[in-house]
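Using the sequences provided together with the hints, build the complete structure.
Protein chains in written order, with our numbering: chain A, 1 to 297; chain B, 1 to 297.
A pair holds if it fits inside one copy or across any two, identical chains being indistinguishable in the list.
Okay, derived cross-link-like pairs now, DSS-like style, lysine-lysine, Cα gap no bigger than 27 Å in a straight line:
1) 187 <-> 293
2) 173 <-> 84
3) 289 <-> 255
4) 74 <-> 18
5) 255 <-> 286
6) 69 <-> 112
7) 245 <-> 293
8) 177 <-> 84
9) 93 <-> 103
10) 152 <-> 131
11) 74 <-> 49
12) 183 <-> 289
13) 254 <-> 293
14) 18 <-> 177
15) 254 <-> 289
Don't read these hints as lab results, they were simulated from the structure.
Number of protein chains: 2
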Amino acid sequence: MLTVFGSIALDTIRTPTKVLKRVLGGAATFAGISASYFIKTGLIAVVGKDFPKKYYNILAKNLDLRGFKVDNGKTFHYDGSYDKTLSTRTTLKTELNVLGNFKPTVPEEYRKSEYVYLGNNDPKQNAELIKEFDNVKFSMCDTIEFWIAHKKLSVIKMIKSVDAVVINDEEAKLLTKEHNLIKCAKKMMNWGTKYVVIKKGEHGSLLFYDDVIFPSVAFSLEDIVDPTGAGDSFAGAMIGYLANKRNTNLSTIKKAVIHGNVLGSFAVEKFGLDGILNLKKSQIEKRVKHYEKMVRF
Amino acid sequence: MLTVFGSIALDTIRTPTKVLKRVLGGAATFAGISASYFIKTGLIAVVGKDFPKKYYNILAKNLDLRGFKVDNGKTFHYDGSYDKTLSTRTTLKTELNVLGNFKPTVPEEYRKSEYVYLGNNDPKQNAELIKEFDNVKFSMCDTIEFWIAHKKLSVIKMIKSVDAVVINDEEAKLLTKEHNLIKCAKKMMNWGTKYVVIKKGEHGSLLFYDDVIFPSVAFSLEDIVDPTGAGDSFAGAMIGYLANKRNTNLSTIKKAVIHGNVLGSFAVEKFGLDGILNLKKSQIEKRVKHYEKMVRF
Chain A
1 MLTVFGSIAL DTIRTPTKVL KRVLGGAATF AGISASYFIK TGLIAVVGKD
51 FPKKYYNILA KNLDLRGFKV DNGKTFHYDG SYDKTLSTRT TLKTELNVLG
101 NFKPTVPEEY RKSEYVYLGN NDPKQNAELI KEFDNVKFSM CDTIEFWIAH
151 KKLSVIKMIK SVDAVVINDE EAKLLTKEHN LIKCAKKMMN WGTKYVVIKK
201 GEHGSLLFYD DVIFPSVAFS LEDIVDPTGA GDSFAGAMIG YLANKRNTNL
251 STIKKAVIHG NVLGSFAVEK FGLDGILNLK KSQIEKRVKH YEKMVRF
Chain B
1 MLTVFGSIAL DTIRTPTKVL KRVLGGAATF AGISASYFIK TGLIAVVGKD
51 FPKKYYNILA KNLDLRGFKV DNGKTFHYDG SYDKTLSTRT TLKTELNVLG
101 NFKPTVPEEY RKSEYVYLGN NDPKQNAELI KEFDNVKFSM CDTIEFWIAH
151 KKLSVIKMIK SVDAVVINDE EAKLLTKEHN LIKCAKKMMN WGTKYVVIKK
201 GEHGSLLFYD DVIFPSVAFS LEDIVDPTGA GDSFAGAMIG YLANKRNTNL
251 STIKKAVIHG NVLGSFAVEK FGLDGILNLK KSQIEKRVKH YEKMVRF
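Take a look at the structure:
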């Protein structure tokens, strides 16, 4: 199985065409649901007493919730606004609420997970949590600007403790103080992780392993309405695909990246979580085929 | 044969590591020399009396110069400075000099050219010049912000008069007033051109034809020293490859785009023109193979 540790949020998302108020979001939600198309996925996450029943039902339908906790207090709330081109998001509010005091632990039933995804959580928590698993075959983490700015040494330690890092291009540059993405990736691999995946939004991603670079384009879309969660969906689908194949050779990892691109493309086509909810496996397979045809020359 | 109409410049290029003063540059120089690896290429261009003999010799070695003119006055001079990430260039001076009054004509010997590349010249000049060719099989033009801002209607007319447009992403957005690159391309195709190639620098390019989208990544490079001329090299190699194959079906055009990516990657590895000068054909073929291997999954 796959375990995903990350945030569940109530998101307020302001796009040029629509404002969503307190809708189900968060890195673990997007990553977990995307992964769930490929493998049984368990969640380690916390919400507050205000977490709506209908959102709980969505999670319960798709995910194993033995690691899901309801704490006294309010659910993590994020409020952000996109510019008219959807390329820049301004954060208006980040209310950590129950997330601020969450002490994650790995439920007994998850300890045998061979695949573990650590979202953009406190890097120290991520590095501690991964030790609680007995038999990890492939672990992957994300990180964000906030941790790079405030806990850079912990971020580097966390990177040392996982097999793969998935990170945005701007954050990779910020973390490594390099401009060139190959140099960024080399630095992270020197810190001790084997694989680095740099996400470039609409420009796709770069996978690095040893001396291998695998650049891949994003699936081209004409109508994008809400980029929220695309990167988390990418990461979830990528590790979910690997867990399903029970294989982490380079060829499988490349295919996993392609599946990441595909789930990322579903995510941005609809508002909030709608793009990745209730997909049919055949829809995903069809888009993967379409992707393969698109890039062939 | 292929005819290239465009600027020859003396470039002053300020990069973080080196300043080049009045070195050989210009869109036609980069496009022409890149194309010359694939096909005999004739130049329609003008320089001033100050144009150094050593630069003339470089052009004469690689290109047919029956359309090359020396006018009274000084050669076009461009002066620009890159930021430390090499991603933004600030123009310090643009001295048109002899370029300002140039009246291009097609020499008798070029009129039978089946392939024609019109650089980022005055769009009216481009649209007039293309009519002077007797038997064009594939014509392609570029344009820049200056013409979009000052002669937008002429740019649209020019686009109608060619088979393909090659244009930077930011300029495509500016010209079409669309944010999404697919929408940008559709608008340009609606204006009457069959193919659109949107260049995205380090993120590669997108080729559009009818309902087909062909995204391709840039060749990944760790050491980039000077991005000058990469886009022109891309365009020159692309149309040079087509001219060599004497074929413009979609599959050949896709391969032409890959060759464009490859020559663009050579261009940025060294300063000024050095990256694309004196390449061996085997070096180009080797990098194409490397590219194919890099993107395979």
